Amino acid sequence: MISFDETFVNSQIATHLYVSNPANPSSLFEEYYLRGLHLFRKQLESYDGTVNVGVMYAGLFICTLNLFQSAPWSVHLELMTTVYGLGGSLHGSAILDNPDACFPLELMAVMDMPTFVRGRSTMTLGIWHRLRQAQESRHEKVEGGIEVITSLPRSLLDIFSSIQDESSEDALLLWPGELGEIPQIHLWEAYRFAGALTGRRLRRGQGLPSSAPSTELLVGHLVAAIDALCDTRTRPEYDHLLTTNSLLYPYVAARLEVATLQRRPSWMEVLRRAVDICQPYGRSANACNIADMLDEAWKAGDDDYDIDEHARRRNMEIALF
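Using numbering that gives the first Met the number 0, you'd call the opening residue of the sequence shown number 0 and step up by one each time.
Just so you know, the hints here were simulated from the structure itself, not pulled from any lab data.
Keep in mind that the hints are not guaranteed to be accurate.
Claimed, not checked - With beta-carbon atoms standing in for the labels, derived distance ranges:
hint: 1; residue 1: 93; residue 2: 173; range: 34 to 40 Å
hint: 2; residue 1: 135; residue 2: 172; range: 21 to 27 Å
hint: 3; residue 1: 164; residue 2: 48; range: 49 to 55 Å
A quick note: this is a predicted structure, and the numbers were derived from the prediction, not measured.
Each residue gets a CB set at the ideal place from its N, CA and C atoms; glycine is no exception.
With the hints as constraints, model all of the structure from the sequences given.
In structure tokens:
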């Protein structure tokens with residue numbers, strides 16, 4: 000049974016107060032946030048080997064609050080990883096024996112995913128890859144299906160967990176896909192091409208095989224998928240889906256391809272329309288800071304804009320999931 004203790008409750012209330020009015024949070028927001036943060040740290044300090052799932056959720060709420068404000072938050076994720084012994088192999092980890100811990104652990108892995116957060120003050124911890132390895136070693140069927148926070152298939156997230164590897168581009172472009180509803184399929188296509196472009200930026204200077212598709216071709220496919228996804232918002236049969244909430248990562252990947260967009264101004268218009276209608280947290284500091292950096296790259300005509308470096312200079316961590 001999950002114990003939703005005072006730590007969790009304070010963090011949850013603080014999150015609600017912020018999300019209700021991110022431009023001008025209630026005066027009570029900081030009070031609940033600081034109390035929740037204090038209790039969270041105190042409970043981790045007194046960790047006795049027993050996993051408190053309520054504290055895990057509280058930590059994730061604290062990460063989310065900092066995320067919305069573009070404040071560095073991965074240090075809290077790293078602290079949970081260290082205290083709960085998740086930094087090494089997860090084979091035989093007691094946390095995997097607790098069914099209530101499965102969801103928050105997977106959420107930690109998503110928040111730690113390479114390139115889903117830009118300007119990180121901590122190194123990627125590799126939680127997703129080690130979690131999947133541990134599941135396999137326990138003779139479990141590695142879970143497929145769709146991860147609920149990102150709306151992405153776990154088989155696609157497996158590739159993103161190694162996006163820095165040269166083999167990731169082929170893996171993304173050859174990914175066979177999974178069955179889903181039309182908006183989901185458009186989103187997955189957008190992530191495939193966004194991941195290929197993002198991986199190229201990470202490995203810039205290494206050169207590309209002669210058989211590799213051009214950057215312009217990848218951007219074209221990406222913009223088309225984003226446009227198609229946004230068009231599904233007006234169809235009532237998809238009202239139950241929140242797929243467009245996950246559009247930020249592919250949108251940013253497309254916007255960073257400044258040289259291509261300068262040659263294809265109609266594609267830039269598609270992207271501007273998309274972010275206007277598909278940004279659920281557009282008033283948060285995270286969204287505003289992303290917009291500022293993308294506009295800075297566009298105005299400077301900087302096709303080599305390093306969003307990680309510019310986020311660090313601003314002492315920010317930018318979340319794209």
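A quick look at each hint next to the structure:
{"no.": "1", "hint": "93 x 173: 34 to 40 Å", "verdict": "37 Å, holds"}
{"no.": "2", "hint": "135 x 172: 21 to 27 Å", "verdict": "25 Å, holds"}
{"no.": "3", "hint": "164 x 48: 49 to 55 Å", "verdict": "35 Å, violated"}
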